[in-house]
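Peer 1: Construct the entire structure; sequences and hints are all you get.
Line order of the protein sequences matches chains A and B.
In case it helps, my numbering puts the first sequence at residues 1 to 249.
In case it helps, my numbering puts the second sequence at residues 1 to 101.
None of these hints come from the bench; they were simulated from the model.
Computed from a prediction, not measured in an experiment: that's the story for all the values here.
Treat the hints with care, since some could be wrong.
Claimed, not checked - Computed list of lysine-lysine pairs in DSS-like fashion (alpha-carbon distance at most 27 Å, straight line):
| hint | chain 1 | residue 1 | chain 2 | residue 2 |
| --- | --- | --- | --- | --- |
| 1 | A | LYS104 | B | LYS31 |
| 2 | A | LYS104 | A | LYS14 |
| 3 | A | LYS104 | A | LYS13 |
| 4 | A | LYS22 | A | LYS104 |
| 5 | B | LYS31 | A | LYS102 |
| 6 | A | LYS102 | A | LYS13 |
| 7 | A | LYS190 | B | LYS31 |
| 8 | A | LYS22 | A | LYS102 |
| 9 | A | LYS102 | A | LYS14 |
Stated by the list, open to error - Output of the computed footprint for chain B on chain A, the stretches with three or more beta carbons under 8 Å from beta carbons of chain B:
| hint | region |
| --- | --- |
| 10 | 97 to 108 |
| 11 | 170 to 180 |
As the list claims (entries may be wrong) - From the structure, some residues in chain B lie toward chain A, with a derived Cβ separation under 8 Å:
| hint | residue |
| --- | --- |
| 12 | SER15 |
| 13 | PRO22 |
| 14 | PHE26 |
| 15 | ARG27 |
| 16 | PHE34 |
| 17 | LEU39 |
| 18 | PRO43 |
| 19 | TYR44 |
| 20 | VAL45 |
| 21 | ALA48 |
| 22 | PRO53 |
| 23 | THR73 |
| 24 | PHE83 |
By construction, the Cβ of each residue, glycine as well, lies at the ideal position given by its N, Cα and C atoms.
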Amino acid sequence: MNNWYKNTYNISKKTAFGQGLKDGIPIALGYFAVAFSLGIIAKTAGLTPFQGFISSALNRASAGEYAIYTLIAAGASYVEVAIMTLVCNARYMLMSTALSQKVKEDTPLIHRVGAAFGVTDEIFAISISRPGYLNPYYNYGAISISTPAWALGTSLGIVAGEIMPVNLVSAFSVALYGMFLAVIMPAARKNRVVAITIIICFILSYLASVLPITASISEGTRTIILTVVIASVVAILCPRPSQEDDADE
Amino acid sequence: MNNVYVYIITAALVSFLIRALPMTIFRKPIKNRFVKSFLYYVPYVTLAVMTFPAITNATQSKISGFLALICGTVAAWFNQSLFRVAVICCLVVFFSELLLV
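Peer 2: What follows is the structure in structure tokens.
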């Protein structure tokens with residue numbers, strides 16, 4: 001725990017990698033369970049365990065992958081999948097932007113891209129909270145254990161989803177939503193605007209799913225439209241204070 | 001029927017660019033207040049929209065899904081870890097469906 005507070009940049013590559021690996025273990029355990037439930041959804045979209053492994057290893061995005069699988073299941077177009085991936089993973093753009101402020105200027109491009117490739121909610125959280133410049137080897141360590149767990153969990157979810165009793169599938173399938181809640185609720189507690197926004201999202205999302213005009217649109221497209229509209233309106237009505245740093249949220 | 005591998009590569013390419021471009025382009029903080037605010041709210045809005053009512057349709061009974069939403073929200077509100085919130089939601093569905101289904 002003492003190492004946590006030390007400047008990560010000035011330690012050796014090997015030490016940084018080791019620390020990342022260690023901090024990545026609890027993340028990997030959580031990923032495994034959530035990816036398992038993602039695999040159950042990927043199964044409904046017709047993905048094989050191999051395809052699920054590749055997809056999860058390359059995307060490493062719970063919400064984004066969930067949205068992609070529902071789109072694939074609905075036989076959506078490639079353009080829809082591209083837009084959905086963009087919208088669902090837009091937060092990684094913000095995180096990557098925040099992380100870019102921590103990169104030392106002489107860091108080679110390959111390490112900028114390498115560290116950026118591994119950005120997820122959790123990897124971002126552990127790397128942004130370390131003082132000093134970003135040491136890409138720390139990120140590599142964390143990625144090297146969490147990504148295989150994520151990909152393997154997805155594959156096993158696809159395999160076991162078939163043979164598991166229906167009540168267990170039902171129970172596991174909410175793990176993903178539990179993870180979504182774990183990401184949004186702590187922010188809602190700290191920020192009243194976020195809390196109210198979430199309630200509005202629930203109401204509008206429900207209405208969009210039952211009203212005849214919007215219910216005929218695919219679930220994925222509804223999510224894109226609702227996200228862009230609601231986030232834009234809230235950003236106009238309640239813009240973020242310009243002094244605050246996004247990174248500490 | 002579209003090709004699954006094209007879907008996977010499309011998604012992988014987009015999610016790679018989203019992560020890699022800011023890291024290589026932005027070396028100074030973004031100034032535009034609307035863009036900053038929009039990007040700030042996007043994750044919460046997307047995740048909230050995708051959670052409800054979908055969580056009530058993922059389970060065998062709508063009531064068990066709704067209970068998982070309530071319990072997961074309470075657990076997450078009190079800063080329980082990602083892993084714990086996920087497990088709590090699963091357990092709530094499993095045990096409530098013993099009675100409901």
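Peer 1: Does each hint hold? Answer for all of them.
Peer 2: Status of the hints after comparison with the structure:
1. LYS104(A) to LYS31(B): Distance ~20 Å between LYS104(A) and LYS31(B) Cα, so the pair holds.
2. LYS104(A) to LYS14(A): Cα-Cα ~19 Å, so holds.
3. LYS104(A) to LYS13(A): holds (15 Å)
4. LYS22(A) to LYS104(A): holds (24 Å)
5. LYS31(B) to LYS102(A): holds (17 Å)
6. LYS102(A) to LYS13(A): At roughly 17 Å apart (the allowed maximum being 27 Å), LYS13(A) and LYS102(A) satisfy the hint.
7. LYS190(A) to LYS31(B): holds (24 Å)
8. LYS22(A) to LYS102(A): holds (21 Å)
9. LYS102(A) to LYS14(A): Status holds; Cα separation ~20 Å.
10. 97 to 108: holds (count 6)
11. 170 to 180: holds (count 11)
12. SER15: For SER15(B), the interface hint holds, since the closest Cβ of chain A sits about 5 Å away, which is under 8 Å.
13. PRO22: holds (4 Å)
14. PHE26: holds (5 Å)
15. ARG27: The hint holds - ARG27(B) has a Cβ within 8 Å of chain A, the shortest such distance being about 6 Å.
16. PHE34: holds (6 Å)
17. LEU39: holds (4 Å)
18. PRO43: holds (4 Å)
19. TYR44: holds (5 Å)
20. VAL45: holds (5 Å)
21. ALA48: Check passed: Cβ of ALA48(B) comes within 4 Å of chain A, closer than 8 Å.
22. PRO53: holds (5 Å)
23. THR73: This hint holds: THR73(B) lies near chain A, its Cβ roughly 6 Å from the closest one there, short of 8 Å.
24. PHE83: holds (4 Å)
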